[in-house]
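**Student:** In case you want the letters, here they are:
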Amino acid sequence: MPKTENGKTQISRRGALLGLGASAGAMAATGVLPGSLGFAQAQSSAPIRIGFQKHATGIGAAYGRWYDATTTAAVKRINDAGGINGRPVEVITEDDGTDPSRGAEVLEKFANQHECDVAFGTLFSHVVIGSAPRAGELKLPYFVVSEGHHVASGMLNRYTLQPGITDVKSQVISMAPFVADNLGKKVTMIFPDFAFGHDHRDFFSEAIEAQGGEVVAKIAIPPTETTFTRYFPSIPRETEVIYHVMVGPAVLTFVKELGEFFGPNRPELFGFIDSLEAVDINSTGLEFLDGTYFWEGMPRYAQANQTDAEKAYRAAVGVDDNGASLDDPADVATYAHMFGCWETLNIIKRGMESADYQGPQDRTKLIEAVEAMSDMPESEDHPQGAKRFNGKTHQTFGSQYISKVTDGKLVVEHVASIEDGLYEDEVDYTTQAF
Amino acid sequence: MTRFSKADALHLGILAMLVIAFFVLPTYHVGAVSRIMVLAVYAIGLNLLFGYTGLLSLGHAMFFAAGMYGFGLAIKFMAAPVLLAFVLALIAAAALSLVVGLLALRTAGVAFMIVTLMFAQTAYLVVLYFGEFTRGDEGFVLQQAERLLLGFDVTSETGRYFVAFSVFAICFLGFARLVQTPFGKRLIAIRENEERARMLGYDVGRYKLLALIVSGTISGCAGALYALLFGYVGATFASVQYSILPLLWVLLGGAGTTIGPLIGVMFMFYLIDASSAYTNSYMLIAGLVLVLLTMFAPKGIAGILRLRVMPWLP
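Protein sequences appear in the order of chains A and B.
According to the numbering used here, the first sequence holds residues 1 to 434 in order.
According to the numbering used here, the second sequence holds residues 435 to 748 in order.
Derived by calculation from the structure, the hints in this document are not laboratory data.
No experiment lies behind these values; they were computed from the predicted model shown.
Heads up, some of the hints might be wrong.
PhoX-like cross-link-like pairs, simulated, lysine-lysine; straight-line CA separation at most 25 Å [to be verified]:
| hint | chain 1 | residue 1 | chain 2 | residue 2 |
| --- | --- | --- | --- | --- |
| 1 | B | LYS619 | B | LYS510 |
| 2 | A | LYS392 | A | LYS365 |
| 3 | B | LYS440 | B | LYS619 |
| 4 | B | LYS440 | A | LYS392 |
| 5 | A | LYS186 | A | LYS365 |
| 6 | A | LYS139 | B | LYS733 |
Non-contacting residues of chain B with respect to chain A, defined by C-beta distances greater than 10 Å in every case (computed) [said to hold, decoys possible]:
| hint | residue |
| --- | --- |
| 7 | LEU518 |
| 8 | ARG569 |
| 9 | GLY668 |
Simulated restraints on C-beta separations [said to hold, decoys possible]:
| hint | chain 1 | residue 1 | chain 2 | residue 2 | range |
| --- | --- | --- | --- | --- | --- |
| 10 | B | PRO515 | A | LYS139 | 41 to 51 Å |
| 11 | B | TYR563 | A | LYS392 | 30 to 40 Å |
| 12 | B | LEU705 | A | GLU260 | 26 to 36 Å |
| 13 | B | LEU705 | A | ALA62 | 25 to 35 Å |
The beta-carbon is built from N, C-alpha and C at its ideal position, and this holds for glycine as well.
Turn these sequences into a full structure, and let the hints steer you where they fit.
**Tutor:** See below:
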């Protein structure tokens, strides 16, 4: 029968780490090293290995780079504070090419080659959905940071969890009250004609009707489209709000052509910042967005009422007050999503500590420990805001931000509460056997 | 030993090595070889059309996807048993091959490449268009419980490996036999000189259509097998990338050789797997290797073996 790969290099490296850990523990005990370097109390000083499934190449590369920066910062903070259960955390990064097939292969590498304790970090839904079956079969806890509804919909399995970022269904339905009360009740939706767009179409249509509004037109744009003007005459005259969620490189063209079509007499515009993640809101052609509204998972621009936790997080991940890299003001972060990596890693840490996690034999205990979590107050572990995790659906719920483009910045106008985004459970993963 | 028996011994030897590999390889590589065998079935499909018949399709992903969706949708919406779903998948791939063949084979050469590419793009967009059923670009999962093959769990490492091995062995040996039959020889004759084959009295159009149907059905078989063993059905597999990949595998391994597809997939898989540990630009390395191979070994790895060491290689 096949045996777990355990090449000499890995054994000797682990042995070396054990030795180092033991030495460090002894030194810490005698006061030679500061406590944060000690990792002295652990039964094993071998690192906790977290497999980071990174979109380093492919369509998700912009996200992957910032997810990587956030992961590095979060792990540094965890290690500086003594690691997990007294053990240092080591991140093993593998590029999935933003491809579902490669994603599944990467999980196999994490489980069987790198001997990771958990896998983490995937954003794009098709990669999550393509990889999750293997996570279940490999019995590898798989913490995704995707915002897709696939986890809470019951499509996946007990080994796949999304505790660090809200899902699209929650985000969309929590926007409806603000849109109906402040922008208008007659909405035209413009969305990409694939699953991401369809989720918005379906969830928002239902949510706005519950608020007494209606979607007067649904305009699906084929994914291969590069120009959009011919779709705009389909927007009904009675439209009070245009809800748009176009993504990809054609977004700039979309906004420019929309501006040319409407001129100064436009309806209200509401969009999802997914369209403009890693894009400077002041880019040429985006002037038309001034005065329009966006959903943000976390405010890109530092707000006047910025919390200490958010300030500390922003500094740790190397982002300035305008949402760009401290090293390069033109390098705009994927700030509305990347906090999910930070918060997920802190949840993994808390789950492992709660389960007294010692190794892969304790993976099911880790999952049960995370499933037992519920309210998570806003803190440096959760700088985006308070969360409420639903252990049955493996999905977290949290605050959502609605920002208005004002003088070239996104200024928060409204914060939707956790309750605004709650919906009925669609699955109970805790009833599934491990 | 006759030429024929040498080839037979080689093929059986390769299969024996694959069985032994299961017992000696570490777990990760057992999983990797399972995947390689599935993809090698796909490459065998293209090899029949490209390597043996001389028809270069740039749209084979549509056949792979036809099998994958034929299988997945039958399970998702009809709760079909695995074997029935597999048969439906093969029928879907064969039917699509027939339709595409009837239209695309009116062209030849570069035009054939472009037409197959366009058909594949259409198939990709059809998958997205019917997102209500296919879940479009996201795709959908086939649960473990839905993937029991006659009560046998194919999601364990052992189950997955030997199901992949069995299908690969059938396709591999069947393909090796097929290219030795009069039918296979006629395909080679068409590849070498289509006009001469026609002048000799062969119905070239019919043989090309048959080759395309068999090729597309084998590719569809690989798509269904992927869905069965890895539990995922998604539009990515209908994209142009998955039409180009089998072409690279066949070119690398050796077009027009029976062992080329397996060698090509294995070489490419481990090239990417190993180089990705060092750089994010691993596709650049893969591209560079391809350029070098094209320059110095245009017949691929098995082609070189046939040229220099094993002239009897089928």
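**Student:** Look at each hint and say if it fits the structure.
**Tutor:** Verification of the hints:
1. LYS619(B) <-> LYS510(B): 41 Å, violated
2. LYS392(A) <-> LYS365(A): 15 Å, holds
3. LYS440(B) <-> LYS619(B): The given pair, whose Cα atoms are some 19 Å apart, holds under the 25 Å limit.
4. LYS440(B) <-> LYS392(A): Roughly 60 Å separates the two Cα atoms, so the pair is violated.
5. LYS186(A) <-> LYS365(A): 49 Å, violated
6. LYS139(A) <-> LYS733(B): 43 Å, violated
7. LEU518: 21 Å, holds
8. ARG569: 6 Å, violated
9. GLY668: 5 Å, violated
10. PRO515(B) <-> LYS139(A): 41 to 51 Å: 26 Å, violated
11. TYR563(B) <-> LYS392(A): 30 to 40 Å: Check passed, 34 Å falls within 30 to 40 Å.
12. LEU705(B) <-> GLU260(A): 26 to 36 Å: 48 Å, violated
13. LEU705(B) <-> ALA62(A): 25 to 35 Å: 26 Å, holds
Checked against the numbered hints given earlier, this structure breaks hints 1, 4, 5, 6, 8, 9, 10, 12; the rest are met.
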